[in-house]
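Under this note's numbering, the residue at position 111 of the sequence shown is numbered 306, and the numbers go up by one with no gaps.
Since the hints were made in silico from the structure, they are not lab data. Keep in mind the model is a prediction, meaning the values are calculated, not measured. Treat the hints with care, as some may be off.
[What the hints assert, rightly or not] Within a straight-line C-alpha distance of at most 27 Å, the following computed DSS-like cross-link-like pairs (lysine-lysine) qualify:
{"hint": "1", "residue 1": "K274", "residue 2": "K252"}
{"hint": "2", "residue 1": "K232", "residue 2": "K349"}
{"hint": "3", "residue 1": "K302", "residue 2": "K252"}
[Unchecked claim] So the derived label-pair ranges between C-beta atoms look like this:
{"hint": "4", "residue 1": "G209", "residue 2": "E334", "range": "39 to 45 Å"}
{"hint": "5", "residue 1": "R318", "residue 2": "L358", "range": "18 to 24 Å"}
{"hint": "6", "residue 1": "P308", "residue 2": "E329", "range": "32 to 38 Å"}
{"hint": "7", "residue 1": "D285", "residue 2": "E262", "range": "31 to 37 Å"}
{"hint": "8", "residue 1": "R360", "residue 2": "D283", "range": "37 to 43 Å"}
{"hint": "9", "residue 1": "D316", "residue 2": "G267", "range": "20 to 26 Å"}
{"hint": "10", "residue 1": "E235", "residue 2": "T214", "range": "17 to 23 Å"}
{"hint": "11", "residue 1": "L314", "residue 2": "R233", "range": "22 to 28 Å"}
The beta-carbon is built from N, C-alpha and C at its ideal position, and this holds for glycine as well.
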Amino acid sequence: MPNTLEAMPEIGAGGTLYTMRVKPGIYFADDPVFGGKRRELVAEDYVFSIKRNFDPKLRAPSLYVLEGQIVGMDEVLAKARRPGSLMDYDTPVEGLRALDRYTFQIKLAEPSPRFYENLTDARIFGAVAREIVEAYPDEIMGRPVGTGPFRLTKWVRSSRVELERSPTFRA
196 MPNTLEAMPE IGAGGTLYTM RVKPGIYFAD DPVFGGKRRE LVAEDYVFSI
246 KRNFDPKLRA PSLYVLEGQI VGMDEVLAKA RRPGSLMDYD TPVEGLRALD
296 RYTFQIKLAE PSPRFYENLT DARIFGAVAR EIVEAYPDEI MGRPVGTGPF
346 RLTKWVRSSR VELERSPTFR A
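Take the sequences, apply the hints, and build the full model.
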């Protein structure tokens, strides 16, 4: 069952095109970065989050799952790996794009039967708000801001985690 999508992904073009529609009305937990406004989860959040797997600076342990699969992302990765380069999250990529506010597509170089299963892995496909990543680049693990039913109120590394109910969680 999809959690933040309206339905299961639509698969077309012989198993190489995945179209996903985000449910409207899902909001991130409140955070000062959002300036007191509710921040809705949108398709662009998924596009940004998937691109983060390709950022050499982050050394994503699951890059191997995506490398060589999404059309155009290997070129972005190669450019980001050049000495003195940074990942350009704004580079348009044919195989990874938001079509509108709630719809995004992933185009694979060739059919991959396991790709559908990989979509369930939140380490790879979990959405984060770009504003959060940019505001807390070195604290992202200690300041998670998600769309789930709870939000972190206290974290003592390797010792204690305290959560509270998120008042913005969808019922």
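32 to 38 Å as the expected CB spacing between E329 and P308, which holds or is violated: holds, 36 Å
27 Å limit on alpha-carbon distance, applied to hinted pair K274 and K252: holds, 13 Å
Satisfaction of hint between K349 and K232, Cα-Cα up to 27 Å: Holds. K232 to K349 sits at ~23 Å (cutoff 27 Å).
Straight-line alpha-carbon gap K302 to K252, limit 27 Å: holds, 24 Å
CB-CB spacing for E334 and G209 relative to the 39 to 45 Å hint: holds, 43 Å
Supplied distance hint 22 to 28 Å, evaluated on CB atoms of L314 and R233: With a Cβ separation near 26 Å, L314 and R233 satisfy 22 to 28 Å, so the hint holds.
Verdict for D316, G267 (Cβ pair) under range 20 to 26 Å: holds, 21 Å
Outcome for the supplied range 31 to 37 Å, where the beta carbon pair is D285 and E262: violated, 21 Å
Cβ distance range 37 to 43 Å for R360 and D283, holds or violated: holds, 38 Å
Pairwise beta carbon distance, R318 to L358, judged against the given window 18 to 24 Å: holds, 20 Å
Beta-carbon spacing of E235 to T214 - inside the hinted bounds 17 to 23 Å or not: Since the Cβ atoms of E235 and T214 sit about 20 Å apart, the hinted range of 17 to 23 Å holds.
When held up to the earlier numbered hints, the structure conflicts with hint 7 and nothing else.
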